[in-house]
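Chemist: Here is what each chain is made of, one letter per residue.
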Amino acid sequence: MSLSLKKNAMPEQDPKVRARNFDEVALGYEAELAQAEASRCLNCKAAPCRKGCPVDVDIPAFIKHIKEGDMEAAIANIKEVNGLPAICGRVCPQEDQCEKFCVLTKRGEAVGIGRLERYAADYARQQGESAATAAAAAVGQKVAVIGSGPAGLSAAGELAKKGYAVTIFEALHLPGGVLMYGIPEFRLPKEIVQAEIDGLRQMGVTIEVNAVIGRTFTVDELIEEEGFDAVFIGTGAGLPHFMHIPGENFNGVYSANEFLTRCNLMKAYRFPDTGTPIHVGKKVAVVGGGNVAMDAARTALRLGAEEVHIVYRRSETELPARLEEIHHAKEEGIIFTLLTAPVEVQGNQEGWVTGLKCIRMELGEPDASGRRRPVEIPGSEFVLPTDTVIIAIGQGPNPLVQSTTKGLETNKKGNIVADPETGATSKPGVFAGGDIVTGAATVILAMGAGKKAAAAIDAYLSGKRAGQA
Amino acid sequence: MYKILLKQELAPNVKLFKMQAPLIAKKAQPGQFVILRIDEDGERVPLTIADFDREEGSITLIFQEVGASTKLLGTLNEGDSLLDLVGPLGKPTHIENFGTVVCVGGGIGIAPVYPIARGMKAAGNEVISIIGARNKEILIYEEEMTAVSDTLHIATDDGSKGIKGFVTDPLKQMIAEGKKIDLVVAIGPVIMMRNVAEVTRPYQIPTVVSLNPIMVDGTGMCGGCRVSVGEENKFACVDGPEFDAHKVDFAGLVARQRMYIPKEKQYAEHCASTREGGCKCHSH
Ligand SMILES: Cc1cc2nc3c(=O)[nH]c(=O)nc-3n(C[C@H](O)[C@H](O)[C@H](O)COP(=O)(O)OP(=O)(O)OC[C@H]3O[C@@H](n4cnc5c(N)ncnc54)[C@H](O)[C@@H]3O)c2cc1C
Ligand SMILES: Cc1cc2nc3c(=O)[nH]c(=O)nc-3n(C[C@H](O)[C@H](O)[C@H](O)COP(=O)(O)OP(=O)(O)OC[C@H]3O[C@@H](n4cnc5c(N)ncnc54)[C@H](O)[C@@H]3O)c2cc1C
Ligand code: SF4
Ligand code: SF4
Ligand code: FES
Ligand SMILES: [Mg+2]
Numbered sequence: 002m003s004l005s006l007k008k009n010a011m012p013e014q015d016p017k018v019r020a021r022n023f024d025e026v027a028l029g030y031e032a033e034l035a036q037a038e039a040s041r042c043l044n045c046k047a048a049p050c051r052k053g054c055p056v057d058v059d060i061p062a063f064i065k066h067i068k069e070g071d072m073e074a075a076i077a078n079i080k081e082v083n084g085l086p087a088i089c090g091r092v093c094p095q096e097d098q099c100e101k102f103c104v105l106t107k108r109g110e111a112v113g114i115g116r117l118e119r120y121a122a123d124y125a126r127q128q129g130e131s132a133a134t135a136a137a138a139a140v141g142q143k144v145a146v147i148g149s150g151p152a153g154l155s156a157a158g159e160l161a162k163k164g165y166a167v168t169i170f171e172a173l174h175l176p177g178g179v180l181m182y183g184i185p186e187f188r189l190p191k192e193i194v195q196a197e198i199d200g201l202r203q204m205g206v207t208i209e210v211n212a213v214i215g216r217t218f219t220v221d222e223l224i225e226e227e228g229f230d231a232v233f234i235g236t237g238a239g240l241p242h243f244m245h246i247p248g249e250n251f252n253g254v255y256s257a258n259e260f261l262t263r264c265n266l267m268k269a270y271r272f273p274d275t276g277t278p279i280h281v282g283k284k285v286a287v288v289g290g291g292n293v294a295m296d297a298a299r300t301a302l303r304l305g306a307e308e309v310h311i312v313y314r315r316s317e318t319e320l321p322a323r324l325e326e327i328h329h330a331k332e333e334g335i336i337f338t339l340l341t342a343p344v345e346v347q348g349n350q351e352g353w354v355t356g357l358k359c360i361r362m363e364l365g366e367p368d369a370s371g372r373r374r375p376v377e378i379p380g381s382e383f384v385l386p387t388d389t390v391i392i393a394i395g396q397g398p399n400p401l402v403q404s405t406t407k408g409l410e411t412n413k414k415g416n417i418v419a420d421p422e423t424g425a426t427s428k429p430g431v432f433a434g435g436d437i438v439t440g441a442a443t444v445i446l447a448m449g450a451g452k453k454a455a456a457a458i459d460a461y462l463s464g465k466r467a468g469q470a
Numbered sequence: 045m046y047k048i049l050l051k052q053e054l055a056p057n058v059k060l061f062k063m064q065a066p067l068i069a070k071k072a073q074p075g076q077f078v079i080l081r082i083d084e085d086g087e088r089v090p091l092t093i094a095d096f097d098r099e100e101g102s103i104t105l106i107f108q109e110v111g112a113s114t115k116l117l118g119t120l121n122e123g124d125s126l127l128d129l130v131g132p133l134g135k136p137t138h139i140e141n142f143g144t145v146v147c148v149g150g151g152i153g154i155a156p157v158y159p160i161a162r163g164m165k166a167a168g169n170e171v172i173s174i175i176g177a178r179n180k181e182i183l184i185y186e187e188e189m190t191a192v193s194d195t196l197h198i199a200t201d202d203g204s205k206g207i208k209g210f211v212t213d214p215l216k217q218m219i220a221e222g223k224k225i226d227l228v229v230a231i232g233p234v235i236m237m238r239n240v241a242e243v244t245r246p247y248q249i250p251t252v253v254s255l256n257p258i259m260v261d262g263t264g265m266c267g268g269c270r271v272s273v274g275e276e277n278k279f280a281c282v283d284g285p286e287f288d289a290h291k292v293d294f295a296g297l298v299a300r301q302r303m304y305i306p307k308e309k310q311y312a313e314h315c316a317s318t319r320e321g322g323c324k325c326h327s328h
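Line order of the protein sequences matches chains B and F. So the first sequence is residues 2 to 470, counted in my numbering. So the second sequence is residues 45 to 328, counted in my numbering.
Think of the hints as simulated: they come from the structure by calculation, not from any bench. Where hints are given, some of them may not hold.
[To be verified] Below, a list of computed lysine to aspartate or glutamate pairs in the EDC-like style, where the Cα atoms sit at most 20 Å apart: (1) F/71 / F/122; (2) F/307 / B/209; (3) F/70 / B/209; (4) F/307 / B/351; (5) B/414 / F/276; (6) F/70 / B/274; (7) F/51 / F/83; (8) B/465 / B/221; (9) B/268 / F/313; (10) B/268 / F/84; (11) F/115 / B/410.
As the structure is a prediction and not an experimental result, all values here were calculated from the model.
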């Protein structure tokens, strides 16, 4: 078979249509396209693609199963190491991970590994596969998992499989973390996240929503009073950063977290059928260049904004968002105002934002991150008229758990210090992983951290059992 | 589920719910609040914990029906349940023996001042309370406040109870008479809190106010509740809700509180119209 240099395109909603609805943008491969894409894989012995995957999915093997039409084997293969393939297939930054190392990139485009992973997972779900795996016999020990993002969900799943009685404590009224309140429906349908959560419940995991650890219970109380034998902390990077420039408190200035939470978690897109209002305005400026910024911009568009700008201080090549999202955002008409940094939010007498004063930047010498540092061009200030500003310049760790837990070491930035291999913290029996340890990162890294910590918790608790026997 | 154990009407449009909430009751401290949701389509509504009973496992909420969500809340009855209730949120009031503490409560703000006054009294302070409302019909918690205060002053706009005037009047008088005041705690409408701050500022009497900006999550995740306090931005839900009154940007707070007024009106009208036609807005 002659190999195409290009990935098989995934059918997508028309950009003009989808820019005004919240349905999923990428529709996924049909069987034939999946077969064709799978056939592009050379089934390399060395499988360089695998080293780009943080959880080491056996990529050639699962793709081979798809090629042969053995979907059961394909999904079983992926699920051995990746409990959330329908999610990762959609949101992993594949171009920086698995696909980056695919041999085909030497001559053309990588195999669509993410797309095939998504295809396998969607196929399995449509076949009515239950996410639940039979749990081992109960071992009689209890583990508390704090936070229900990908780190917490994967830790809980792994521990339940091993027979532990797992309770997830989630501060919000809905489990799922960023998967639910951050990443929008048009990129990650909530039904998929819900299926994973239902699967956990079927495995016997208890989920306590409306439970803020550090307030409702402290970590120490979970251990000393509630009888948990170990604790996993997966509280994410939920604290929004602001720019610390004048005018940030004007009405119409949002953190991306607030804007997306109002829309996704509180369903403001259905207002006034739902009770939570959201302000969108006609002209929206989103500050930042990552996935969060793309999501906020595209959400604003779908909520009815006429003109949406991404304001980013570096150039296109440095945009940290997934390539596919940048591409989709452009297709939908998002305007990229690059090499531009905000210096002041301007507002009116009534306290509403009217414009974003910016300065043009140029790229100078590389900084510590290896990216060229943006430097201001003197005298290049201009005002972008806008009635909404959404700040998506990053998130830090929420201090609630750290500040209420004795003996839990944190670093300068406030992240929990944990062993990268085991998640073990400075406090015995307490493990941590995901964004709360690494700072804002990716779904797959958080998931991998949850999984590693689950193995370490199992080892720790088996040791305790042996000690007691 | 979070069951309503008791419902009382304290004044026109002011209702009290005693909620079954053992976990929250166990932890609640004066100054803290909860966030509730009535049903699946409902917004997250923050309310102060006006009282708690650890033995019974209950907390008391007192709310004023000001818009669609609080009005719908007011239609619930004993035995009904809320969909979500989370807390206790926010930092507890700093309570210790300061000496003489003046507790000022205006309108619905008397409810959150009550547990603070009680705590201050229990810590050995001389507690002088000043409570006020537009008129005597809507003055709440007089008895409760009497019980935990060494002295109680009442002020109403129309003079139907206590002095005719504002809660700041007895405070000004006390200061003029040379009364030594170690701390003032004021909770009520923003204008009232700002006026109290202006009265105590020249004398540098430490003054604490409890702020109620618009909140969503209440856990420090959205930043919607940010208020400017002494040139610094603070998240009221986790850094507060209590702050040094002399440093708060009250004008900024008021502007942000008004952000959604047209939308809130729209929602109220929508709910009123759909509910008449068989309640499509909220599922029961
Ligand atoms: C808008 C947006 C888009 C993104 N897009 C992508 C993408 O395309 N691809 C990708 O790989 N990554 C993406 N990311 C990053 C990715 O979502 C995160 O790296 C990942 O979710 C981190 O997982 P986590 O489990 O560590 O934490 P989170 O997903 O943040 O979950 C933490 C959970 O803990 C809860 N919690 C916090 N404090 C407490 C407490 N005290 N008590 C109880 N519960 C608590 C929170 O409410 C939350 O539910 C995106 C992030 C955002 C915000
Ligand atoms: C920490 C805190 C404690 C509070 N304690 C009490 C209390 O004990 N008793 C009481 O009656 N009220 C209290 N409030 C105010 C109460 O939350 C609002 O009155 C209520 O949310 C209004 O909802 P609504 O839909 O009925 O009215 P709406 O018509 O939606 O709003 C009326 C006004 O209430 C304010 N408001 C609206 N939504 C919110 C929100 N999500 N968060 C905060 N304010 C909002 C706005 O200023 C708005 O203009 C408290 C608020 C905070 C932040
Ligand atoms: S989990 Fe992510 S990185 Fe790994 S193979 Fe799948 S898409 Fe690639
Ligand atoms: S490197 Fe590319 S072609 Fe080779 S096995 Fe991996 S996905 Fe297939
Ligand atoms: S309400 Fe969201 S940070 Fe305070
Ligand atoms: Mg409302």
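Chemist: Look at each hint and say if it fits the structure.
Modeler: Hint check:
no.: 1; hint: F/71 / F/122; verdict: violated (24 Å)
no.: 2; hint: F/307 / B/209; verdict: violated (32 Å)
no.: 3; hint: F/70 / B/209; verdict: holds (17 Å)
no.: 4; hint: F/307 / B/351; verdict: holds (16 Å)
no.: 5; hint: B/414 / F/276; verdict: holds (19 Å)
no.: 6; hint: F/70 / B/274; verdict: violated (36 Å)
no.: 7; hint: F/51 / F/83; verdict: holds (18 Å)
no.: 8; hint: B/465 / B/221; verdict: holds (18 Å)
no.: 9; hint: B/268 / F/313; verdict: holds (19 Å)
no.: 10; hint: B/268 / F/84; verdict: holds (10 Å)
no.: 11; hint: F/115 / B/410; verdict: violated (46 Å)
Hints 1, 2, 6, 11, counting from the list given before, are not met by this structure.
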